[in-house]
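2 protein chains.
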Amino acid sequence: MTAYTATVTVRLKHGVLDPEAETTKQALQRLGFELSALRSADHYEVDLEADDTAAAEQRADEMAERLLANPTIHDYDVSVVEADDAQ
Amino acid sequence: MTAYTATVTVRLKHGVLDPEAETTKQALQRLGFELSALRSADHYEVDLEADDTAAAEQRADEMAERLLANPTIHDYDVSVVEADDAQ
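Chains as they are written, first to last, in this note's numbering: chain U, 22 to 108; chain G, 22 to 108.
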C-alpha cells in the first residue's frame with residue numbers, strides 16, 4: 022500500500038447560477054481590480070492508502086460521486102499524486 | 022493584452038481547525054471509504070486580461086492578498102495559464 026493524495030475539484034456546471042462568485046467578482050471590481058469573470062469551486066485533498074494510482078483515483082472518484090459532488094449541478098475532476106510529491 | 026485564467030487556491034493554515042472537513046471525512050468513513058485525512062480549500066478561477074503571465078500572476082496575487090484570503094488563517098497559491106489552455 023502506498024500513500025496518495027487525491028485532489029477533487031467540484032465546480033458548478035456551466036449555466037448554474039453562482040451568486041457567491043458574482044458577489045466576489047463585484048467586490049474585487051470595487052477594489053479596482055480588472056477581471057472579466059470569476060468562478061468558484063470546492064477543492065478537497067484526500068489522503069488515502071491504495072495499491073496503485075489507478076485504485077486511488079477510482080476511490081476518490083467514488084467519493085466525489087457519492088458525497089462530494091451533486092451530479093445534478095456539479096462537475097468534478099480528480100487528480101492523484103503520491104503523497105511525497107504532494108504539497 | 023492576452024486573456025489569462027488565474028487559479029487561486031486558498032487553504033487553511035496548518036493547525037487551524039476545519040470542522041467542515043472533519044465532518045466530511047467522517048461522512049465518507051461512514052459510507053465505508055478508507056481515508057486518513059481530508060482537507061478542504063476554496064478554489065477561484067479568475068479570467069483577466071494582462072500584458073503577460075507575470076502581470077496576470079501579480080494581479081491575482083494581489084486579489085488573494087486583499088480579498089480572497091485572510092492572511093491570519095489562510096495560505097494561498099496562484100497559478101496562471103493562458104485562457105485557451107484553461108479548462
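Check each hint, because a few of them may be wrong.
As the list claims (entries may be wrong) - Estimated spans, in silico, between C-beta atoms of each pair:
{"#": "1", "chain 1": "G", "residue 1": "Glu-86", "chain 2": "U", "residue 2": "Asp-72", "range": "21 to 27 Å"}
{"#": "2", "chain 1": "G", "residue 1": "Asp-72", "chain 2": "U", "residue 2": "Gln-79", "range": "17 to 23 Å"}
{"#": "3", "chain 1": "U", "residue 1": "Arg-87", "chain 2": "G", "residue 2": "Ser-100", "range": "26 to 32 Å"}
{"#": "4", "chain 1": "U", "residue 1": "Leu-88", "chain 2": "G", "residue 2": "Glu-103", "range": "30 to 36 Å"}
{"#": "5", "chain 1": "G", "residue 1": "Thr-74", "chain 2": "U", "residue 2": "Arg-87", "range": "36 to 42 Å"}
{"#": "6", "chain 1": "U", "residue 1": "Gly-36", "chain 2": "G", "residue 2": "Glu-83", "range": "39 to 45 Å"}
{"#": "7", "chain 1": "G", "residue 1": "Gly-53", "chain 2": "U", "residue 2": "Gln-47", "range": "16 to 22 Å"}
{"#": "8", "chain 1": "U", "residue 1": "Met-22", "chain 2": "G", "residue 2": "Val-102", "range": "19 to 25 Å"}
{"#": "9", "chain 1": "G", "residue 1": "Glu-43", "chain 2": "U", "residue 2": "Lys-34", "range": "23 to 29 Å"}
{"#": "10", "chain 1": "U", "residue 1": "Asn-91", "chain 2": "G", "residue 2": "Asp-39", "range": "35 to 41 Å"}
Keep in mind that the hints were calculated from the coordinates and are not lab data.
It should be emphasised that the depicted structure is a prediction, and the values quoted were computed from it without experimental measurement.
In this text, a Cβ means the ideal position worked out from N, Cα and C, and glycines have one as well.
Verification of the hints:
The supplied range of 21 to 27 Å is broken by Glu-86 of chain G and Asp-72 of chain U, whose beta-carbon atoms lie about 42 Å from each other. Separated by about 43 Å at the C-beta atoms, Asp-72 of chain G and Gln-79 of chain U break the suggested range of 17 to 23 Å. About 29 Å separates the C-beta atoms of Arg-87 of chain U and Ser-100 of chain G, a value consistent with the hinted range of 26 to 32 Å. For the pair Leu-88 of chain U and Glu-103 of chain G, the supplied restraint of 30 to 36 Å holds, since their beta-carbon distance comes to about 34 Å.
Range check, Thr-74 of chain G to Arg-87 of chain U: Cβ separation about 38 Å, and the 36 to 42 Å hint holds. For the pair Gly-36 of chain U and Glu-83 of chain G, the supplied restraint of 39 to 45 Å is violated, since their beta-carbon distance comes to about 30 Å. Here the CB-CB span from Gly-53 of chain G to Gln-47 of chain U is close to 42 Å, at odds with the stated 16 to 22 Å. In this structure, Met-22 of chain U and Val-102 of chain G break the distance hint of 19 to 25 Å, their C-beta atoms being roughly 34 Å apart.
Range check, Glu-43 of chain G to Lys-34 of chain U: about 28 Å between beta-carbon atoms, so the 23 to 29 Å window is met. Between Asn-91 of chain U and Asp-39 of chain G, the C-beta spacing of about 21 Å breaks the proposed range 35 to 41 Å.
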